[in-house]
Structure formats: structure tokens, C-alpha cells
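Protein chains in written order, with the working numbering: chain L, 43 to 388; chain X, 43 to 388; chain E, 43 to 388; chain Z, 43 to 388.
Be aware that a few hints might be false.
One copy or any two copies: either way a pair holds, since identical chains are not told apart in the list.
Below, simulated DSS-like cross-link-like pairs (lysine-lysine); rule was C-alpha separation at most 25 Å, straight line [said to hold, decoys possible]:
| hint | residue 1 | residue 2 |
| --- | --- | --- |
| 1 | LYS119 | LYS61 |
| 2 | LYS361 | LYS250 |
| 3 | LYS348 | LYS119 |
| 4 | LYS54 | LYS205 |
| 5 | LYS205 | LYS348 |
| 6 | LYS348 | LYS270 |
| 7 | LYS148 | LYS270 |
| 8 | LYS54 | LYS148 |
| 9 | LYS88 | LYS324 |
| 10 | LYS270 | LYS349 |
| 11 | LYS148 | LYS324 |
| 12 | LYS251 | LYS348 |
What the hints contain is simulated information worked out from the structure, not anything from laboratory work. Nothing here was measured: the structure is a model prediction, and the numbers come from that model.
Number of protein chains: 4
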Amino acid sequence: MKALVYHGPGKKAWEEKAKPVIRDPTDVIVKITRTTICGTDLHILKGDVPEVTDGRILGHEGVGIIEEAGNAVTGFKKGDHVIISCISSCGKCSYCRRGMYSHCEKGGWILGHLIDGTQAEYTRIPFADTSLYHVPAGADEDALVMLSDILPTGFECGVLNGKVQPGCTVAIVGSGPIGLAALLTAQFYAPAEIIMIDPDNNRLNVAKKFGATKTINNSSEDAVKMLKEYTNGIGADTVIEAVGIPATFELCQQLVAPGGIIANIGVHGKSAELHLEDLWAKNITITTRLVDTVSTPMLLNTIQSKKLNSKQLITHHFKLADIVQAYDTFEHAARENALKVILSNN
Amino acid sequence: MKALVYHGPGKKAWEEKAKPVIRDPTDVIVKITRTTICGTDLHILKGDVPEVTDGRILGHEGVGIIEEAGNAVTGFKKGDHVIISCISSCGKCSYCRRGMYSHCEKGGWILGHLIDGTQAEYTRIPFADTSLYHVPAGADEDALVMLSDILPTGFECGVLNGKVQPGCTVAIVGSGPIGLAALLTAQFYAPAEIIMIDPDNNRLNVAKKFGATKTINNSSEDAVKMLKEYTNGIGADTVIEAVGIPATFELCQQLVAPGGIIANIGVHGKSAELHLEDLWAKNITITTRLVDTVSTPMLLNTIQSKKLNSKQLITHHFKLADIVQAYDTFEHAARENALKVILSNN
Amino acid sequence: MKALVYHGPGKKAWEEKAKPVIRDPTDVIVKITRTTICGTDLHILKGDVPEVTDGRILGHEGVGIIEEAGNAVTGFKKGDHVIISCISSCGKCSYCRRGMYSHCEKGGWILGHLIDGTQAEYTRIPFADTSLYHVPAGADEDALVMLSDILPTGFECGVLNGKVQPGCTVAIVGSGPIGLAALLTAQFYAPAEIIMIDPDNNRLNVAKKFGATKTINNSSEDAVKMLKEYTNGIGADTVIEAVGIPATFELCQQLVAPGGIIANIGVHGKSAELHLEDLWAKNITITTRLVDTVSTPMLLNTIQSKKLNSKQLITHHFKLADIVQAYDTFEHAARENALKVILSNN
Amino acid sequence: MKALVYHGPGKKAWEEKAKPVIRDPTDVIVKITRTTICGTDLHILKGDVPEVTDGRILGHEGVGIIEEAGNAVTGFKKGDHVIISCISSCGKCSYCRRGMYSHCEKGGWILGHLIDGTQAEYTRIPFADTSLYHVPAGADEDALVMLSDILPTGFECGVLNGKVQPGCTVAIVGSGPIGLAALLTAQFYAPAEIIMIDPDNNRLNVAKKFGATKTINNSSEDAVKMLKEYTNGIGADTVIEAVGIPATFELCQQLVAPGGIIANIGVHGKSAELHLEDLWAKNITITTRLVDTVSTPMLLNTIQSKKLNSKQLITHHFKLADIVQAYDTFEHAARENALKVILSNN
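So that you can see chain L by itself, here it is in the shape it has in the complex:
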């Protein structure tokens, strides 16, 4: 079969690999019909994720069809259409039993990371019964690819951890795909204001279309001053960090209201300064989270019932065989006005 293979920093190829086989009775083999590219894949290609080794098939998102199921798999059978979760969950360890699948002792984020991933014609999915979801009959499979990672990440790490509430004020720092996923899912809770902060006007325009009530361009505007004006000097109840650098995390500390929450989504490579001399008496909460994907069934319900239009996040379509070209588009997201790209293989 063909797959997108990592060959060390800066190197990848769409090349022939052996078709995966069942190793454990809880595995399935999935024929990939849709996949996508994540910002994390770009990090891997920069060499930022050293545990990914030469020869690894990338990708941790996708929709497909069960090709073969291990003999301990009870919930899925050959021919079933499935959504693949970016998080593999054994369903048995203490973390899985309390809904913290991200830290599953045998799973967690392993696809396209520690084991071969989904940017391929076929992939092996371990712990299938607790790591896959059935595609409802008649569903739009493009829309469902957004359930593999980006929607649960924006929702769980940003919106749920940030305790977005009806009538509250939310500030989201970063209007890239993941910030926009938080923006879309924050609207489940009818906040009064969602203020999007980003240095790129194109992205801010997208945010407005997606439901932001106000936008601040923090390359040209004083974000702290403007947010304080918008909030009677109080700050935002929920501040969502969707970038992953010290400067944006430190900005969040200036935006949060007394009693508020900073919910981090960003993948950070460096430490940040925490201004405890200001914050110790401000009654705030800071959360971090690798997505658990516990919310996937609920998010699927919201898509099926038209409460969430996840297809808005998709800007480009490619054939799976053209994935190298798709990476080029996604790497130049600003130039291409790209959010998520869909790779199809039917």
C-alpha cells in the first residue's frame, strides 16, 4: 500500500509500505477513506517530536471502513464505517476508567507518533472497541473527520476546561484552526461575548464568520486595553490559549478576570513566566490538557443535530495520493487561507 512516511526532520515521502496486519485480538485494520493533516504533523516534520522515528507513517485523524477485525473486537465488524480517534484508549487502565484516555497506560496519542498512523491507504487501530466510533448512516464523512482531533481538542481543552457559561465573556488568543474549533464549540454555551485575538486579519475575518462577537488584531492593537474596554475593566471570564508560545500565555494572564479561567490548548515547547505576584490573590484557575476525546459521542450528536457545522473548518480537498501537495498548502496556511484540508481515498 501507499503511505506518507517520515524520514527525519524535513523529510517525508508518499511511498510503498507493507499493508498493516492484526497484531492483537483487540486490533482492527481500517481502509482509510478520509484523512487530514494536523499542526502537530508539521511539528513532527520540523523535528520537534523526537520520539517519532524514521520510517513512521504519520497521521492521527481519519474516517474509514473496517477491513478486518481482531477476534476480541465486539463492537465493529468488516464493512463498518468508522471515525478514528486520535487517542487510543485501552478502556481498562485507571486513567481510561476515569475518562482520562489521553494518559491511557497503553494508548494515548500513539497513532502517527509511536505507531504507524492514518495518512495511508490502510492503518492498524489498537483497542478498536474503545478508540473508534460508528459513522451514522447517511452522515457527511468529511464533516466527521473533524471529530478525530480538532473538535474534541478545542472543546475539551478550551471550552470544557474553560467552563464557558451562558452570558459570560470568552477571549480566545489564536485564530488558527484550533482556536476556531474552540470558537465554534464555545457557542454551545451561549456566551454573551467571544472576543478573538490574532495578528492576522484574514483569520479574524474567518472568526467573525464563525461567530466571534469582537476581534482584536494584537499586532496593531493593544489587546489588553481593548479587552478591558469591552469588559468594563474586568477582563474575560474564560481565556483560551490556542497558540502555544510564552508571549501568548503571558497575554492570557493579563486578560483574565478575577475568578476567571485560563484554559490552555497550545502545544508549548518552552516555559512561560507565571505572574504569581499579581495572580496569587486573583482567584484564577489555569488548566492544561491533552485531549481525552471523551466528548466525541456528544460532539457527533451535535453535528448530526445541526448544532455544529464542522465542515466550516474545511477549506481544501485533495486526493490522498496528492498528500505531499496538501502538506505544501497546509504549511502555507496564511498564503493559502487554509484551515483544514481533506484527503480522500475512495
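Please build the complex by placing chains X, E and Z on the supplied structure of chain L, with the hints as guidance.
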């Protein structure tokens, strides 16, 4: 001044009464500019609320202008436009300190009940600092009358107690004004389905316009069977009782899913049968609540930010002096297709 | 092997049965070293649980040693000492994934009910990885038998659902084994008062030894009057029903404070009257629950760290082969001052 | 009257001051019978709290007797014995209405800070109805002084924010008075382990007496290594920072388990480094809080019901007139083995 005065079961009159005066330093006198009639007022007139005595001015909802403020009032002054809460809260007792204003040791529901109410040209509001809210500049005061009682009641007793969640299924039994208030505010949480159950097709049509995803006429249809069909045989996650009779409460017990909640809003005059022989192992929760009006500031935010169109609940307008005619319309709600009526006095 | 077998209402025998074998790859066979008898077993013998059929081996509690493990079992191997949960959990269905194992689509309470149970020399445990717990090295296995059912039931259905809090007042109606399990585990939360209500003075004396701060004999005393005296007329914040008949459930409604919770543990065979005419405005919560056993790992921690002395619940010891005699003792609990009996098989 | 007056960094005197008078109708004047000294008072004396100006009477803790009550005070009258909260709460602002009294728009921490405090023969308490608590008849008033600040601070900022749970593992960094207050109140929730970390063996010995299950001297031992050994390599579920310097806050980040909480109590004068490069995927929560004193009534219940022995925190007694000597003892806490000192004035 003129006021709507109760004279025992079946008797009321729009008649001259002494203008109220400040009694305690925490009182204010409000000139009423808008008021409305509640189903509870009809109960009083039927004689169902014996602690209401002859001579009492009715009404516990309204918007007005501060005419005079007691000398311990710090948050309001003459000329301020205010929303009156149906619940008076002293702000000091243990119930008030934990947000359960409904059970305030000196307040609670007293307006138009134990003290004179708001269906009058002027009214005395005790504990003004903790029982009134400022009308924002430029706000539509008709819309804000809905904040006195019906919206916080539908929201707190039905939606909050019912833990409505994104993607969940809600059933509301009763599509009168209070059931519709629950329907409107349930949508803050993006449930996948809101199924409205009522014997009146007109009311069900209103429910559809207000956002119900499905309706069941339980005079002609088998509500339990239909709801089970809509929910793969499981039942509803949240069931809201918005009628107040044994039959509807008992219906709720048949509609609720394992692990679900029955949130009672209805004012009950009789006991109901609780089928513990079925429910003991079903992991359900039943809640009751007299509205606390803790959510009023939040609901005001949602109205101001256009997340909630509370004016949809208003079907009729009268001059305050025509309140007897307004009662007639409201008492014949089905005939008149009436929800809430607004009485104006400018 | 030998087992205690049900032969229809009133009939049981300790008799020869075929030793169980692995049926599914997720099964294990456990050699029972300790088991006990539950009030539910007595209900079965009275014929109250008709789905239990002639020939069924009873029992859903116990500790033992793995004799054989199916080939999909990854967490347990031959020779491991294990605690058996009364609830079997597949770990995969939507109920299991949200911690509501009681309603597992393939499991739930099936041991000694729909499949053969633990009052036998050997038993087959399905879904072993998610239905068993390792016995810590050196632990007292008698104490751990209390983790199969009675402690998680008292804790989850009574204490957790009842939201017992530091400084609060708890009333427990019923001072039998399950009420006492609630009493022991309520003390995890340092309530100011735990008031035990029962018609049997012996049981109330046990309750005092186990930590009750006050007792009321409701055969000779007016429980409502006394509880109101103990609580300044307010009632109890948490009321736990640990009997299972209409009279005790109705008593709970008179004991609960405004804003309080009635947490039902009792197994009810009949409906009860719910006094909504009083309760609708009292802001109370009523919960029901079949135990999920989600708290078992936590309870094991509290036993190991000496925060909970579960052995206090054990009053009698028998050899497993003498189980018919043990049933006789347990059936005459009042006469024998019996709480839990341990049956050993080493 | 006599009072302890601040005269700029390093300077204080027990000297004559005018007896306070009622200024607002919600004020009371309290004759102080017991007060104490807080670590914050030492900070003020070092000049770390510049908003405290020359001439200010220090102190924000105490018990006393109402001398005079303003005419809008309804809950207290001359002669009542009262506990003074370190936080003044107006009871009306949006922060007070949601239980966040620390950020009261007109109150918060003002006593001995922005207005004259409690280290005096008399003090004026604003917002008396919502800032004082009645001393129960017969209570030990020494014990109740601990309710003014140290117990609610340890409990709310450390234990409540840290979500201490039965069976969990708690690490407390800092075994001074506030860390010990967290230790005492953490035991309300029956954690399996409470591990106390401090460089002073005397303090660690006190911690053991107060209920710590393990201690680590982090001047001579590797705290991270030892804690990991005690927790199977996982870390602590709750980590409470009770020191207030960057080094201890950074230590906390190394101690917390995936999914755990760092609850900050310490008063920080500098920023700390937040290791987001490690923590972003660890699903942790960090909280800060200035005490709200919402838990005071509950803590009073636990003292009255003997669930909490707050007198353990008191090591020294002085007459109020000897307060300068008491400061000397408290400033040399290590030398004197001092925790809290009581100053009496009867």
C-alpha cells in the same frame, strides 16, 4: 394611586389604594412602568393560596423607576430604571449567602403574596439592593419584564436543575408559558433534541417556532411510546415537568433515561405516585425548586447580547388601567392564544 | 465442585455442580476463598426476583484466586488474588464509558442473578479486566470482601449521591448493614452530625459504636420531631434511605431540609407517595442508584490507609461448606446480632 | 484606647489612639477580647505592602463583643460575642452575590490594611451583618480566633481548590501555620496520604502530630524522588503550595500527578517559571485564591462538633497589652516553636 386588589376567591378590583411609603431603610418605592400577570395570580384568585388575604395588591413582576430610596440603599437612587425580582432577598441570611434566595428568612416570594405587589402604579420593594437590577441604557423594557419571574424560573428550575448539556435529549412536559421559557433557555446548552409534550396543538406549534425539534400531542398520541422511538428506546436525559399535576409528573417518570434527571417546575397541589419499584435501580435524579433568581444577571446578559429573544413570550399589550381586561385575556389563554401579557403605565 | 444452588422460592442446597469453564476470551475462572451473603440473596430466596431461575448458583460478592484466564485478559493471570465486583462491566458500552457500570449493556448485576455466582468453590467472572481488582500484598482478605458490594453501595448510593459535606447534618433511615456502610463511609467527609434512625435498639447501639452522633428509635420516638429539635427546626442536609419500603421513604421527605438531598439506597418493591404539594418549593433533590462500583479503587485505598475499618461490619465466620447454616444466621440477623457473615474456603 | 500602630517599615508601637466610632449605618464597634498576629502583619512591617500607611492599626483577626451597632445592622446587637472575618463583605456587589467576598467591591481584605484593624482594644467593622459570625454559647473563644483567617485560608485556598478527595494523595509544601491549617482541614476528606514537605524538622514533627502520614525534609532529601517513590512514580493528586516563593511553586510542578491540581495558598512577591513544555499535556489545574471566608459557618460547625481541633494551632498566649513581645515571639517562630499566638483582653 390605583392598584389591582384581591378581595377573596374570584374577586378582584382596579381601585384606589394609599401610595406606599418607605418602612425600612433598605426599602425603595418604585413607580411601575411595566408589569404582567402570572399563572400564580390566577391560582390566588381561585383561592388556592390561602395566605393571600383580602385587600392585598397582587403581582410580583415588573419594571419601573425608583421614586424614593431608603437611607440604607446604596445601589439605587431616585430616577433609576429597575427590574423587580419576584424573589426578595435580604442578602444576609444563610440561605441568601449560599444563593438560595427563594428561602430567604425575611424575603423569598412575598410580593403580591404576603406584602403588596406590583400590579399597581407604585410599589414598595424591600431589600432593594439585593432584589432589584438596573435596566441597561437603551434596553427594551418589555423584554426585561420576563426577567422578573418566568425566565429565571424556566431556566433555574428546569434547565439548570435538569443539567441540560450539549448533544443531550430534553423532554418538556407542558408547553405553556413556563414550559416555553424552559424551551428557550434550554437552547443555551445546544441539546441535540428538545421534545415538547402538550395536549394543545396551538401550543405545540408555538413550541416549534421557539425551537422544539419534535412535538408530541399527548391527548392523541402515546407520549411514552413516541419518546422511546425518538431516543432508541432509552428515554430523555432531562425531563422537565412544567404543568404541576400528578399525571404529568408520573408521565415524566416513564420518559426519563437511566442516569437522567426529572426537573420539576410545576406548582403542585397534590402528591404524586413515585414508582420506586422501577426507579430505585435506574440511577435517576428528581429535583424541585422555587426559583432563586440567582441567574437574573446572567439572563440579562443573554438578552442584551441577543442570545435570548425574551419578547417572543409576549403576545398581548394593555394599559395598566385595563388590567381587569388583561386578566380576562390571560385566563382564557387557549382561546386567546395568549402567553404573557404586558401592562404599560407611562 | 460444590455450590449453593437456588431451587425456587424457599429452596436452596449446597450441592455438586460442574466446575465453570472459560466461555469468552475476556472471562476468568476464580477459586473462591471468601464470600458472603447479601440481603438481596434473601430476597431471591423469597421469590422476589423472578428472573433468578431454578439451578442458579447464588452470590455476587467475594475474594479469590485466579484459576484460569481467558486469552484476551491482560490485567490478571493465574494465581492473582482478586476482589470480585458485584457489578460486571464490559468497559466498552456507552454506560461503562461514562462510569455507570450498573447499566452496562452486557453486564451490570448479573452474578448470582442471570449467571452463576460466587457462593461456590469456583466461579466464572466475565469482563475480568474491568470487573475485578487486585488484592494488595498482605491485605486482610476478610476486610476486602466488603468491597464487592456493601461498601460501594453505601458510599455511592448514599454518601456520594447524598453529597455529604464537612459540617453538614446527615440522617440515615435504617441501621442494618447497608445503612451502617453508609454511616462508615459518610465519615470520610466529616459531617457535624450523623443521626441514625431505626426501630431496633441493638442496631442503634452498633451505629453509635460506628460513629453515629445521635440515634432515634422510630418505634418509640417521634423521628420527625426529634430530628427537627436536633437541627434547629431545619431538617437534615442529607437524608439516606436504607430500608426500601414506602413508610421509610415517606419519612425521609419529612426529615429533609430546604435545599437538601434524599439519597435512596433501599431496594423498593412498591411505589411511594411523593408529597410534591410540600416539596415543589423546597428545592430538594431525590436520587436513586444501583451501585456502579466506580468507587472501589478509592475505597480500597481508604481501607489500606486505615481511614476505613471495614471489618467492623463482619460479625460471623463460617466455612464455605457450612453456608446453609450461615444463611440461617443471616436470616435471623436480629436474633443473632448479625451484620455480615464471612464464608471461608482455604 | 490602646492599639498596635504601624509607623512605616520596621516601626510599630502599642500606643494611644482615638476609640473608633460608627461611620456608616452598617458598621459596628467591637471590643476585642482575643486577637492574633498573621504572617501578613510581618510582611506589612517589612514594608512589602505599601498601601498600608503610617498610623494604621494592624490586625485582621479576632473575637470580641459588640459595643455599638449601626442602625442598619439587623443581625447583631450590643453585647453579642462575635468572630471577625478577615474579609469584609458588603453582601450586595456581584462578587459577594456569587460568594467571592475576597473581591467585594467595597470590602475584601481591608482590616488592618486599608482601614484600622483588630490589634486594638476596639475596632470598627464595616458591613457587620455580612462580615461577622455569632460565637455559639459556651464556645472556646481561643479556638474561634482561628476562624478569622488561617482556617478558611488553608481550607478554601488549599483543600477546597485542591479538591482533596477520600483515598487520594495530598502533598503540602510548607509546614508553617498555613500549611498546617491545610493539613488539618484536608483530613475532612479522608485522603489516603498527606505528605508534608518542609526544610525544618521541628515543623515536620508538628505535622506528624497533626495527621501527616509522611514527611519529607527538602533541605536534606530529594523531595521529588521521595514523593514519586511514595506514589508509585505517579505524583500527588493534590499539591498545596503554602510558602510563596518561586522555588516552592516550581517544586509543586514536579510533584503533581497527571490529572492533578496545584492549589496555591502562598503570598507571592515574584513571578515563577511555569513549565508548560512539560505540563501542557499533563491535564493539570493550577488555582490561586485570596480567601473568601465563605466556609466560615461550615468550619465553625466542624469545630463545635469536634471534627476539627483548631486549638492545636495555638502555641503561645499573651495579654493584648504585651503585643509587642508577642510580635517578637511570632517573628522568631522557628526559635520559639511558635505557630499562632493568642492575645487576650478581658
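Tested hints:
1. For the homomeric pair LYS119 and LYS61, the shortest alpha-carbon distance inside one copy (19 Å) is at most 25 Å, but the shortest distance between copies (33 Å) is not.
2. Within a single copy, LYS361 and LYS250 get their C-alpha atoms no closer than 30 Å, and across copies no closer than 42 Å, so neither meets the 25 Å cut-off.
3. Taking CA atoms no more than 25 Å apart as the test, LYS348 paired with LYS119 passes in neither setting, with 28 Å inside one copy and 47 Å between copies.
4. For the identical chains of this complex, LYS54 and LYS205 are neighbours neither inside a copy (40 Å) nor across copies (46 Å), given an alpha-carbon limit of 25 Å.
5. Both within a single protomer and between protomers do LYS205 and LYS348 lie at most 25 Å apart by alpha-carbon distance, with minima of 22 Å and 21 Å respectively.
6. For the homomeric pair LYS348 and LYS270, the shortest alpha-carbon distance between copies (21 Å) is at most 25 Å, but the shortest distance inside one copy (34 Å) is not.
7. With identical chains, the CA atoms of LYS148 and LYS270 are at most 25 Å apart between copies only, with a shortest distance of 20 Å across copies and 45 Å within one.
8. In the homo-oligomer, the alpha carbons of LYS54 and LYS148 never lie at most 25 Å apart, since the shortest distance is 27 Å inside one protomer and 45 Å across protomers.
9. For a Cα distance limit of 25 Å, the shortest separation of LYS88 from LYS324 across copies, 23 Å, qualifies, whereas the shortest one inside one copy, 38 Å, does not.
10. Only between protomers do LYS270 and LYS349 lie at most 25 Å apart by alpha-carbon distance; the minimum there is 22 Å, versus 31 Å within a single protomer.
11. Proximity of LYS148 to LYS324 under the C-alpha cut-off of 25 Å is restricted to the inter-copy arrangement: shortest distance 16 Å between copies versus 39 Å within a copy.
12. Taking the closest pair of Cα atoms, LYS251 and LYS348 come within 25 Å of each other both inside a single copy (17 Å) and across two copies (17 Å).
When each numbered hint is compared with the structure, violations occur for hints 2, 3, 4 and 8.
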